[in-house]
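Q: Once you have looked at the hints, place chain Z on chain H.
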Amino acid sequence: GNSVTQMEGPVTLSEEAFLTINCTYTATGYPSLFWYVQYPGEGLQLLLKATKADDKGSNKGFEATYRKETTSFHLEKGSVQVSDSAVYFCAMTGAGSYQLTFGKGTKLSVIP
Amino acid sequence: GAGVSQSPSNKVTEKGKDVELRCDPISGHTALYWYRQSLGQGLEFLIYFQGNSAPDKSGLPSDRFSAERTGGSVSTLTIQRTQQEDSAVYLCASSFLSVSEQFFGPGTRLTVL
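Going down the list, the protein sequences come from chains H and Z.
Take 44 as the starting number for the first sequence in my numbering and just add one per residue.
Take -6 as the starting number for the second sequence in my numbering and just add one per residue.
Do not take every clue at face value.
What the hints assert, rightly or not - For lysine-lysine, the following PhoX-like pairs were computed, each having C-alpha atoms within a straight-line distance of at most 25 Å: (1) H:K120 - H:K103; (2) Z:K50 - H:K147; (3) H:K99 - H:K147; (4) Z:K4 - Z:K50; (5) H:K147 - Z:K4; (6) H:K150 - H:K103.
Claimed, not checked - Residues on chain Z that point at chain H, a partial pick, calculated with CB under 7 Å: (7) G33; (8) L36; (9) F38; (10) E94; (11) P99.
If you're looking for bench data, these hints aren't it; they were derived computationally from the structure.
Glycine is no exception: its CB is placed at the ideal position from the N, C-alpha and C atoms.
If we strip away everything but chain H, and leave its shape as in the complex, we get (with noise of 0.2 Å):
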């Protein structure tokens, strides 16, 4: 079946750092991918998603690129800030499917 798998937290960074949020994926066929973020106490949203091999989703600096040959989607972000403190959650839907299967998520906090 499928499942994601990402990179346990928490991860605390200081202001400016470098953002790397491992996720790879099992699936049958061509999964479509994303990744949604939870700030706190509001509802999940869609980050950014790449639906094809190599493509790259982007949003807000973040970036994650869909990489077949290694089943991954990692998240990145050049330089954080705190407002991107938040849980971050890496998801696929099967090849034409609508189901979203989670990550367990990660819980990230900036700094100053």
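A: Okay, now just chain Z, sitting in the frame of chain H:
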């Protein structure tokens, strides 16, 4: 326009009681989903609606859980005879089509004492 709304935002109940959780999707969205977010299990899919029908109930954890959707809009998730392991945040999402981006509501935090 308005996003997905859920009510109540918090619900505390006693073991054995029934609870109803409500979801108002974004107007015009045909697809509606329920997920559960718990400490032990992370985010899990529960059920999917297309219009008023639920072609996929595969994630419902037991027959104590049921859901309905009326008028292609509002959905209610009902948990009968609640147990402590039902404590979680219940999230609703909607999308224009079943393969479109899912927009999530703020969730209902259920605590079973």
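Q: All hints are to be evaluated individually against the structure, with a verdict given for each.
A: Now for the hints, and whether the structure bears them out:
Using a Cα cut-off of 25 Å, the hinted pair K120 (chain H) and K103 (chain H) holds, with the two alpha carbons roughly 9 Å apart. A C-alpha spacing of about 22 Å is found between K50 (chain Z) and K147 (chain H), which places the hinted pair at or below 25 Å, so the restraint holds. For the proposed pair K99 (chain H) and K147 (chain H), the alpha carbon gap of about 22 Å is at most 25 Å, so the pair holds. Straight-line distance between C-alpha atoms of K4 (chain Z) and K50 (chain Z) comes to about 23 Å, which keeps the hinted pair within the 25 Å bound.
Taking the CA atoms of K147 (chain H) and K4 (chain Z), the gap is near 24 Å; set against the 25 Å cutoff, the hint holds. For the given pair, K150 (chain H) sits about 18 Å from K103 (chain H) by alpha-carbon distance, which is consistent with the 25 Å threshold. Given the 7 Å rule on beta carbons, the hint for G33 (chain Z) is violated: about 10 Å separates it from the nearest Cβ of chain H. Evaluation of the L36 (chain Z) hint against chain H yields a held restraint, the C-beta minimum of about 4 Å falling below 7 Å.
Look at F38 (chain Z): its Cβ gets to within about 5 Å of chain H, closer than 7 Å, so that hint holds up. Because the beta carbon of E94 (chain Z) sits about 6 Å from the nearest beta carbon in chain H, less than 7 Å, this interface hint is met. For P99 (chain Z), the shortest C-beta to C-beta distance to chain H is roughly 4 Å, which falls under 7 Å, so the interface hint holds.
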